[in-house]
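*Asks:* Chain A is fixed; fit chain B onto it per the hints.
Number of protein chains: 2
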Amino acid sequence: MSILILFGINYNSFNENNEKRRDKMDEVRIGIIGIGGMGSGHAKNIADGMVPKLRLTAVADINNDRLIWAKENLPAGVKRFSDGRKLIDSKECDAVLIATPHYFHPEFVIYALQNGLHAISEKPAGVYSKQVREMNDIAAKSNKVFAIMFNQRTNCVYRKLHEMIESGELGALKRVNWIITDWYRTQSYYDAAGWKATWDGEGGGVLLNQCPHQLDLLQWLCGMPVRVRAFCHEAKWHDIEVEDDVTAYMEFANGATGVFVTTTGDAPGTNRLELTFEMGKIVCEHNKLIFDKLAVNEREFCRTAENGFAQPEREQIEVETDGQNEQHIGVLKAFVDRILYGGKLTAEGSEGINGLILSNAMFLSSWLDKTIEIPFDEDLFLEELNKRRKTSKKKVGSGKVFNTEGTY
Amino acid sequence: MSILILFGINYNSFNENNEKRRDKMDEVRIGIIGIGGMGSGHAKNIADGMVPKLRLTAVADINNDRLIWAKENLPAGVKRFSDGRKLIDSKECDAVLIATPHYFHPEFVIYALQNGLHAISEKPAGVYSKQVREMNDIAAKSNKVFAIMFNQRTNCVYRKLHEMIESGELGALKRVNWIITDWYRTQSYYDAAGWKATWDGEGGGVLLNQCPHQLDLLQWLCGMPVRVRAFCHEAKWHDIEVEDDVTAYMEFANGATGVFVTTTGDAPGTNRLELTFEMGKIVCEHNKLIFDKLAVNEREFCRTAENGFAQPEREQIEVETDGQNEQHIGVLKAFVDRILYGGKLTAEGSEGINGLILSNAMFLSSWLDKTIEIPFDEDLFLEELNKRRKTSKKKVGSGKVFNTEGTY
Chain A
0 MSILILFGIN YNSFNENNEK RRDKMDEVRI GIIGIGGMGS GHAKNIADGM VPKLRLTAVA
60 DINNDRLIWA KENLPAGVKR FSDGRKLIDS KECDAVLIAT PHYFHPEFVI YALQNGLHAI
120 SEKPAGVYSK QVREMNDIAA KSNKVFAIMF NQRTNCVYRK LHEMIESGEL GALKRVNWII
180 TDWYRTQSYY DAAGWKATWD GEGGGVLLNQ CPHQLDLLQW LCGMPVRVRA FCHEAKWHDI
240 EVEDDVTAYM EFANGATGVF VTTTGDAPGT NRLELTFEMG KIVCEHNKLI FDKLAVNERE
300 FCRTAENGFA QPEREQIEVE TDGQNEQHIG VLKAFVDRIL YGGKLTAEGS EGINGLILSN
360 AMFLSSWLDK TIEIPFDEDL FLEELNKRRK TSKKKVGSGK VFNTEGTY
Chain B
0 MSILILFGIN YNSFNENNEK RRDKMDEVRI GIIGIGGMGS GHAKNIADGM VPKLRLTAVA
60 DINNDRLIWA KENLPAGVKR FSDGRKLIDS KECDAVLIAT PHYFHPEFVI YALQNGLHAI
120 SEKPAGVYSK QVREMNDIAA KSNKVFAIMF NQRTNCVYRK LHEMIESGEL GALKRVNWII
180 TDWYRTQSYY DAAGWKATWD GEGGGVLLNQ CPHQLDLLQW LCGMPVRVRA FCHEAKWHDI
240 EVEDDVTAYM EFANGATGVF VTTTGDAPGT NRLELTFEMG KIVCEHNKLI FDKLAVNERE
300 FCRTAENGFA QPEREQIEVE TDGQNEQHIG VLKAFVDRIL YGGKLTAEGS EGINGLILSN
360 AMFLSSWLDK TIEIPFDEDL FLEELNKRRK TSKKKVGSGK VFNTEGTY
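Line order of the protein sequences matches chains A and B.
The first sequence begins at 0 in numbering that gives the first Met the number 0 and counts up one residue at a time.
The second sequence begins at 0 in numbering that gives the first Met the number 0 and counts up one residue at a time.
Pulled out of the complex, with its shape left as it was, chain A reads as follows (with noise of 0.2 Å):
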């Protein structure tokens, strides 16, 4: 009997705990804990059916408001809670879907697994990597499934690319480029919700908010840097108190170098990925893959030509994809299918933790104004963390709710 054990999780004992309950499930009923602008969305999906054999059963906010809310636009079977754990304890649900602020993540998905609930979290993983690693070392020793809605990887554009570096066909990567600002967001974004955009509500900005999909691609598709020098400004084009520009600098174990550009205050902003690999470039904009092929590897190439302005020949491609980008839906449909079936996630939730380090190395780096190596302290950084949390202002959120259809 082969054991195979792949990101933390052991398929193998997974399958034999959850054989019994899978003969009886045929539906997974799931309960939101956080119905704000992201938990609202889905809570509307899921109500609407759009993921077939998963059933909203309940819902659960500290703010009245949402339950209002809920009660006038959810079906009238939804149970409501004021506390995710009361959802959790209710047995109204087989698996909750956690769109808190980021700080409660962890906490919420480790009260969840503990009570034999499934999990996913909505990005980020948590605020900061020691809180996160907690939560995968007890969902490791859990049968429950554990995910994370990185939406993103459901993308055609950016699955093609980590197959066609998966396959090794590209060779090794040598120079990676990441501007994407396109996160454009007004002041009265950051009016609306009294959490957001703190140091002690959210724990970050633009890095923790917008850029989780980004930073978790990023890893997937380069594996993680071994250091990181990053330029974190505060309050740069907002009033706020976190970072809403960031510029970033990485080396990976191989010596290839990245630049990772970021911010929520240009207009219109950009969301061009660049890779060069010894096999060539891709460049990843507009939703299209515009690949540079050369003939023959750039390395040997460039010792063995007689000609010191030669270039290895080389082709322009479009790579075609699937088409298919199902996001959210997709992740969800993933998170049904292994529930029921065992099937393969989009994102296991212990993968959360490498966008998370990514971010947190890039705010040590700006704090301490130096190169972070990966690994880093994990006490210094939620030590560096807390200083700013005790200073961190109370803020009145307006209570506007956007609509964050196309936002992710």
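No wet-lab data here; the hints were simulated from the structure.
Be a bit skeptical, because a hint or two may be false.
Treat identical chains as interchangeable: a pair holds within one or across any two.
[Said to hold, decoys possible] Computed cross-link-like contacts, DMTMM-like style, restricted to lysine to aspartate or glutamate with a CA-CA straight-line distance of at most 20 Å:
(1) K393 <-> D181
(2) K369 <-> E250
(3) K129 <-> D64
(4) K235 <-> E277
(5) K292 <-> D181
(6) K393 <-> D199
(7) K386 <-> D376
(8) K78 <-> D181
(9) K292 <-> E325
(10) K332 <-> E277
(11) K399 <-> E305
*Replies:* Below, chain B alone, put in the same frame as chain A:
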């Protein structure tokens, strides 16, 4: 009588002093010092009559092979010298073009100006800013024309961009990102000349040889940064002493940030300049200017918009240019025009120091592993450079001279 002081040149006294000479001159006799790769290209262009009123009368090179080449390939009347000083002393020339290895640019410019000749230097202005500062001081006191071969400033897209920025229509700069990696060179390029890519012979790699144009354009368009943090990788892609891969982060006085990435190791490379202003974004790539023009100033919009996800209205425009791009010929025409008629140079020689300060700051940041404030300690830079020159290894060049047509 009005006095116009521009870039340290006193036009008025210049004009007066040259009045008599100009009356007599109807052409400029030029000598070229250094007729390797670039110098031989200039010699042929001028000998072919591509620059009206500019006549090639002499060349100098310490390498006898190049003088033999000159004898075989240039008009019979062109005098040949084995020493640039002798060419300057010969009275055969009104002006000299300096195309020696970089370290010698300032000393030949100084010798020419002090001996009554006009001078135009190839880029970079020199290797270290202290040396160039001395040259500029002497040039400022001279009544001779001093120019520098910043031929990329003749490119219509950069000229148009400069004009748009100067007009004020774009508002303040917020961000600049230049990926200028299309400088691919094979090992044989570096093996060709003994002085190339050595600390003692060239004083640097891609920053000194390939990038002076972009570093000049960067400061011409955006102004000088106030601090730089750079990561220069030596011998990363080639068997050389110096850097062939650089990533630099910059901050400007108004808070704008920038990234500059360059290498001679990427195939194919990229030349993409993205500039974000309060009034929109301009991308300069493939010799086009694509302008996303906002209807309102982003800063104002951010503060006043009611929707958190709203964006300022915009239209995308391909900016029209005059299509002209005379490159080296254009720079030389302007040089002749200034000497004969007091016209406008493409670039004043004294401006060469700015781009060099940028590359010096990038080196110093990387060598000392810290952020460098501009202006920096120029003695410290020279000390650090000299450390590297001391351990610099002599190499024997293969003597290959590649066709540099189309390279700048």
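*Asks:* Output the indices of the hints that this structure fails to meet, ascending.
*Replies:* 1, 3, 8, 9 and 10
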